[in-house]
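All chains should be modelled from the sequences, with the hints used to inform the complete structure.
2 protein chains.
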Amino acid sequence: MKDPILIVGAGLVGSLWAVLLAKRGYQVEVFELRDDPRRAGFKGGRSINLAMSDRGWKAMERAGIKDTIRQQAIPMHGRKMHDTTGQLTFQPYGEADQAIYSVSRGGLNIELINIADQYGQVKFHFGYKCLGLEAESPTAHFEHRETVERLSVKASRIFGTDGAFSAVRRSLMKALPRFNYSQSFLDYGYKELHIPPTADGKHALDPNALHIWPRGQFMMIALPNVDGSFTGTLFLAYEGQTPAFEQLHTDEQIMAFFEQYFSDAIPLIPNLLEEFHENPTSSLVTIRCSPWCCEDKVLIMGDASHAIVPFYGQGMNSGFEDCTLLDELLEEHQGNWTTTIEVFNATRIKNANAIADLALRNFVEMRDKVADPKFLLRKEIAAHLNKVHPEFLPLYTQVTFSHIPYSEALAEGEAQDALFEDILALKDIEKNWKGHPEIERIFKQWMANRQARATA
Amino acid sequence: MKDPILIVGAGLVGSLWAVLLAKRGYQVEVFELRDDPRRAGFKGGRSINLAMSDRGWKAMERAGIKDTIRQQAIPMHGRKMHDTTGQLTFQPYGEADQAIYSVSRGGLNIELINIADQYGQVKFHFGYKCLGLEAESPTAHFEHRETVERLSVKASRIFGTDGAFSAVRRSLMKALPRFNYSQSFLDYGYKELHIPPTADGKHALDPNALHIWPRGQFMMIALPNVDGSFTGTLFLAYEGQTPAFEQLHTDEQIMAFFEQYFSDAIPLIPNLLEEFHENPTSSLVTIRCSPWCCEDKVLIMGDASHAIVPFYGQGMNSGFEDCTLLDELLEEHQGNWTTTIEVFNATRIKNANAIADLALRNFVEMRDKVADPKFLLRKEIAAHLNKVHPEFLPLYTQVTFSHIPYSEALAEGEAQDALFEDILALKDIEKNWKGHPEIERIFKQWMANRQARATA
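Protein sequence lines, in the order shown, are assigned to chains A and B. Position 294 of the first sequence, counted from 1, bears residue number 294 in my numbering, the numbering being contiguous throughout. Position 274 of the second sequence, counted from 1, bears residue number 274 in my numbering, the numbering being contiguous throughout.
These are computed hints drawn from the structure, not numbers from a lab. Each hint should be verified, as a subset may be incorrect.
Chain copies aren't distinguished; within one or between two, either way the pair holds.
Below, in silico cross-link-like pairs of lysine-lysine (DSBU-like), each with a Cα-Cα straight-line distance of 30 Å or less [stated by the list, open to error]:
#1 Lys427 to Lys23
#2 Lys350 to Lys369
#3 Lys431 to Lys387
#4 Lys129 to Lys154
#5 Lys23 to Lys374
Here's what the structure looks like:
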């Protein structure tokens, strides 16, 4: 019998990848460090959510589970900004029918594991720590967390979907003679804060928006859950002069901070002090590496090869897109794994690096620029240009509502910065941009230059 | 009795650091993975040399061994370029009395160990592999390579000078919650080739120059040894279209390659084929990380915290400068280690990153630009400006013949690029740059702008 395909890590990417491989008829063994979430529940039972956008949905569709997931997802059509006085500003993400969707991380993972499990040829093994692997055979070694039973699994090939601190990546790093690797932490941490439903079970804020409290150097955000709650997340520097976690120890310090910056959120978080003290402060890391594979034997995917910060909502989406692209390559190359993995490794890394850059840049946008009238004006003009010239896609649309490779979106975004620099320099543009004749002229000139560059 | 200071790694930086600490009266224990080079000799007995420049000499002076080392060093006053026909061009590094010095890596290491050993309070332990450490105590664990005896050493503080693949750094990476780290390999490898003395014991090439065979995408260099030999080093891509190591397997392929690109070097390397087949192809890595310390308990220095590619000749020099700077800080802060390590960590990392960038950039300069008449013209004009305006220091001079922090040199180099872009754009500049009135005008304008920026 042929050796099975081995997947290390049954998180979102690993379990989706198991589904796609099962659909193609492969025997798949999945090993996961944590306990079975269907029995154990998710860590602390907290509602943690993620924003699914078009790249994620495409993968869901390919796995045949788009409709199931969509039923438990809440559309968010734009950002709702809260200023320090509690005043709200809304800024749509795209056109009226475009939205990103808040989905439960735990619920989605259980759903994907259940679907994979329905295929007889997928077998899950929970509670196994990966100790390392030999890439040539390839064989992976595990130890059960409780029984300390050890076992080695020989596979036809091994996929590492074991997250940002991947054991499979660590083995690749040792096995490959020249492995390029970087881990880079932000000086910021994040803390989740629970916003429960109102007394009558409703959402305490408009559920069809992603809420942002932009405060320049820091921010809070909140995404809706289907149970009527929101998950709030505070992003704040660990240390330093501006408000920072290290300055918030006593109840008085924490309350004073919230009263100054997030006063409208205080009544929404009834257990604010308890949550602030007890919930962990977690770090934000960007991981880049190259290559992602050892021949056609081992490949790392998702956070294991490209962990990014969460500010473009593309961590899960880019991991799911890895699955889509591999599945498409496998289709195109008629099951030839050697070519599939070679092409994926040669083409995908630059796109992962691009979304890593975009995600870092978007932190500044979310915590600072969304509160800037010039920035909102740019968004409005971009939406207008998109309506008049559908071939013009704003950067956010390219990343979130398209399947354009991230590296092309990044390059296009940089070109658009130049365009809007010219447009926003027009005299009194903020007063009368609608129908401003110069906008059309500048835009046409920019498009012509762009085409000239493209054909050059 | 007070716990001793522990140094992990008795290479160049570790043994120099032991000398400087001993001079201050500290008890020092030094553990080294390899055998005692005084007994074992250096790997394969090959002559490997390094270029010592002002930053290194300053550290030698501080250790009181400048004169001893200088006696065994060969001054190189400039670069001697070999074109494909064997024609030579000389380009001085600075003024007539300025030179970099070729020193034997092994000889220098032995000298430093000997000097440290003369201090009763320094103890060397060879053949011990560092298995890891606990930063808090701090305690390091070792295993003897042959006897497999294990021992743990508690220290007042631990310095990791154990090179690019540092075990101490690996422990810091695990101990610190947010350790930023990157390892980045060039797609190039290098191979050393021995150029023996002539029959009458003389150097086969001018010994007072660093020889370069620049070939655009690749190059060979050679540095003189005191025994009359040269160490040649070929830098070449591992793979690809241009000549690459993967294309050089058979004797015919190797000879054809040398005949086409390095024909004047063939008679200099009598064992060319044997050396090419048997000497390893080594990789070129840049390592950056932050922080370099765990409180005031553990600090990594030299290649352990900032390995760089060799193209600016600053790997050893920057490691030695780490020792000088720490020693100066210790002097300034009257033995206060907490402040010394804190200030070093806060100020040195940006300079290490700057020399890493400069070294990568200099590869292009050495393999390609030194063969470009425009580049040589720039060097000549820069030397002229330096003579007329001594406050103007060319970038190479700042890095090699000064103690200006590397990050300032890098910024200055970028400013100088703009200056020379303007100067070299002058009509017919290559024909009559001497006394060209425009050069003085452009230079004065540039200096005025620079001063305006500095005071702004």
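ask   = For this structure, which hints from the list above don't hold up?
value = Failing hints, ascending: 1 and 5.
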